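**Q** Protein chains in written order, with the numbering used here: chain A, 1 to 116; chain B, 117 to 232.
Simulated from the structure, these hints should not be mistaken for lab results. Since the model is a prediction, treat every value here as computed from it, not as a measurement. Idealized CB from N, CA, C, for every residue including glycine. Heads up, a few of these hints could be off.
[What the hints assert, rightly or not] Now the in silico label distances, taken between C-beta atoms and shown as ranges: (1) B:Val190 - A:Pro116: 38 to 48 Å; (2) A:Pro9 - B:Arg197: 47 to 57 Å; (3) B:Gly188 - A:Pro116: 46 to 56 Å; (4) A:Thr108 - B:Lys130: 28 to 38 Å; (5) A:Thr108 - B:Arg197: 24 to 34 Å.
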Amino acid sequence: AQTVTQSQPEMSVQEAETVTLSCTYDTSESDYYLFWYKQPPSRQMILVIRQEAYKQQNATENRFSVNFQKAAKSFSLKISDSQLGDAAMYFCAYSIIFGNTDKLIFGTGTRLQVFP
Amino acid sequence: GAGVSQSPRYKVAKRGQDVALRCDPISGHVSLFWYQQALGQGPEFLTYFQNEAQLDKSGLPSDRFFAERPEGSVSTLKIQRTQQEDSAVYLCASSPNTGNGFQPQHFGDGTRLSIL
C-alpha cells in the first residue's frame with residue numbers, strides 16, 4: 001500500500017528566509033505524481049506544486065521548488081523568500097498515473113508559521 | 117461561481133441522526149472525489165465518481181456512508197445513524213480528466229460536521 005509520511009508536525013521561519021518541508025513516501029509503482037498542497041484556515045486545499053515521477057528535473061513554481069529523490073522516495077518542498085501569507089498547513093500527496101481512480105493519498109501535514 | 121461549492125459549511129447533528137452533505141463541482145468536470153479530514157490529520161479518500169458512475173468506494177468507512185451523483189454533476193454524501201467518530205471535515209474535489217493523475221484536483225472549502 002502507498003503511504004506518505006511527513007515527520008515535521010510544525011515548522012517556523014522568519015519572513016524573507018528559506019524553509020524546507022520534508023516528505024517521504026512508499027510505493028511499488030514506477031510512474032506516479034507527487035504534490036504539495038497548502039491548506040489555510042479557510043480549509044480549501046490549494047495546489048502549490050506538482051512533480052511527475054518520470055521527470056528527473058525538479059519542479060519549480062516561483063518561490064516554491066522541490067527536491068525529488070526517486071531512489072530515496074523523498075520529496076521535500078523549499079519555500080524561498082517566505083511571506084506572511086505562506087503560513088498554513090502543508091500536505092504532501094501522492095497519486096498513481098494510471099488506473100480507475102487518481103485518488104490522492106495525503107501525509108499528516110506540517111504546520112508552517114511565518115514570523116515577521 | 118467558478119470553484120467547487122460545498123454546503124452546508126457547518127453541520128451539527130445529534131448522534132443517531134442522518135446527514136446529507138452537498139457538493140457542486142466545477143462545471144464540466146468529469147471526476148469527483150470525497151475525502152474525510154479528521155482534526156489534525158490529512159484528508160483520507162472516501163469515494164470517486166466518473167460522471168454518474170461510482171468507480172471506487174473503497175474508502176467509505178462503513179455501510180452507513182453512501183454517496184451518489186445521479187446526473188453526473190452535483191453529488192451528495194449521506195451518513196446514516198451518525199456517530200461521534202464521524203465528526204470531521206468532509207472535502208469534495210473535482211477534476212476534468214477521466215482517470216489519470218495529470219490534471220490537479222480542485223477542492224471546495226469543505227463541510228465541518230460535528231456530532232454531539
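**Q** Give a verdict on every hint.
**A** Status of each hint after checking the structure:
Here the CB-CB span from Val190 (chain B) to Pro116 (chain A) is close to 43 Å, well matched to the stated 38 to 48 Å. One distance hint, 47 to 57 Å for the beta-carbon pair Pro9 (chain A) and Arg197 (chain B), is violated here, with the actual separation near 34 Å. Under the hint 46 to 56 Å, the C-beta atoms of Gly188 (chain B) and Pro116 (chain A), about 48 Å apart, fit the expected range. The given range of 28 to 38 Å is respected by Thr108 (chain A) and Lys130 (chain B), whose C-beta atoms sit roughly 30 Å from each other.
For the hinted restraint 24 to 34 Å between Thr108 (chain A) and Arg197 (chain B), the CB-CB distance of approximately 29 Å keeps it satisfied.
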